[in-house]
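Chain order of the listed sequences is A and B. Quick note on the numbering used here: the first sequence kicks off at 2 and runs consecutively. Quick note on the numbering used here: the second sequence kicks off at 51 and runs consecutively.
By construction, these hints were calculated from the structure, which means they are not laboratory data. A couple of the hints might just be wrong.
Said to hold, decoys possible - If you want a taste of the chain A side facing chain B, the calculated C-beta under 10 Å gives, among others:
1. 36
2. 70
3. 73
4. 107
Please read these numbers as outputs of a predicted model, since none were measured by experiment. Here a beta-carbon is modelled for each residue, glycine too, at the ideal position from N, C-alpha and C.
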Amino acid sequence: EPEVTQTPSHQVTQMGQEVILRCVPISNHLYFYWYRQILGQKVEFLVSFYNNEISEKSEIFDDQFSVERPDGSNFTLKIRSTKLEDSAMYFCASTAGTGKVNEQFFGPGTRLTVL
Amino acid sequence: GNSVTQMEGPVTLSEEAFLTINCTYTATGYPSLFWYVQYPGEGLQLLLKATKADDKGSNKGFEATYRKETTSFHLEKGSVQVSDSAVYFCALRNAGGTSYGKLTFGQGTILTVHP
């Protein structure tokens with residue numbers, strides 16, 4: 002069964018460093034998402050990506066964040082200069098469409114720890 | 051904007067007990083409603099969904115009914131098992147239009163079932 006994969010499973014970094022979180026969505030999907038969950042808090046939407054551009058982003062997704070689909074299979078989230086408050090679990094998701102019948106499939110997440 | 055509120059957790063039950071996890075929502079239009087489950091070390095998996103008022107979603111013995119009049123989508127199971135121990139997330143999505151399918155999640159409820 003096709004699945005969304007994410008690497009690494011855990012990333013530890015120093016404050017101010019750049020990190021890139023990687024995702025491989027399901028191959029025939031067209032819409033891609035990043036969500037995050039700070040420990041003990043809600044899963045929050047960060048950004049959606051369709052047709053090689055950002056389609057929607059939340060207020061969390063500021064200039065420190067960027068997304069890219071560099072090669073038609075990977076979907077990456079870059080944090081340019083990490084802050085302590087970026088420590089969270091980051092989930093990637095993908096779906097074939099945005100209609101009522103379309104399910105979003107999630108990856109297992111990357112736990113980011115900023116020291 | 052959209053929001054989802056889940057009952058506070060964690061919830062601890064004995065095997066074969068009845069489970070209810072409350073979920074209420076605020077949304078514009080006619081959202082689709084979802085329950086996702088996250089087992090330890092895994093990503094979010096869709097448990098069940100309902101796309102219009104009075105629909106009942108069901109899967110693996112879990113049920114939830116879309117109640118527009120009370121803006122609720124409570125999760126129930128008649129007899130829980132140890133293997134149901136996980137984190138449960140209620141979520142909503144506005145289909146189509148300019149939403150690009152983003153999900154709005156509740157804060158999650160940790161369920162632990164003891165033998």
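Verification of the supplied hints:
no., hint, in the structure
1, 36, "holds, 7 Å"
2, 70, "violated, 15 Å"
3, 73, "violated, 20 Å"
4, 107, "holds, 4 Å"
Comparing the model with each numbered hint stated earlier shows that hints 2 and 3 do not hold.
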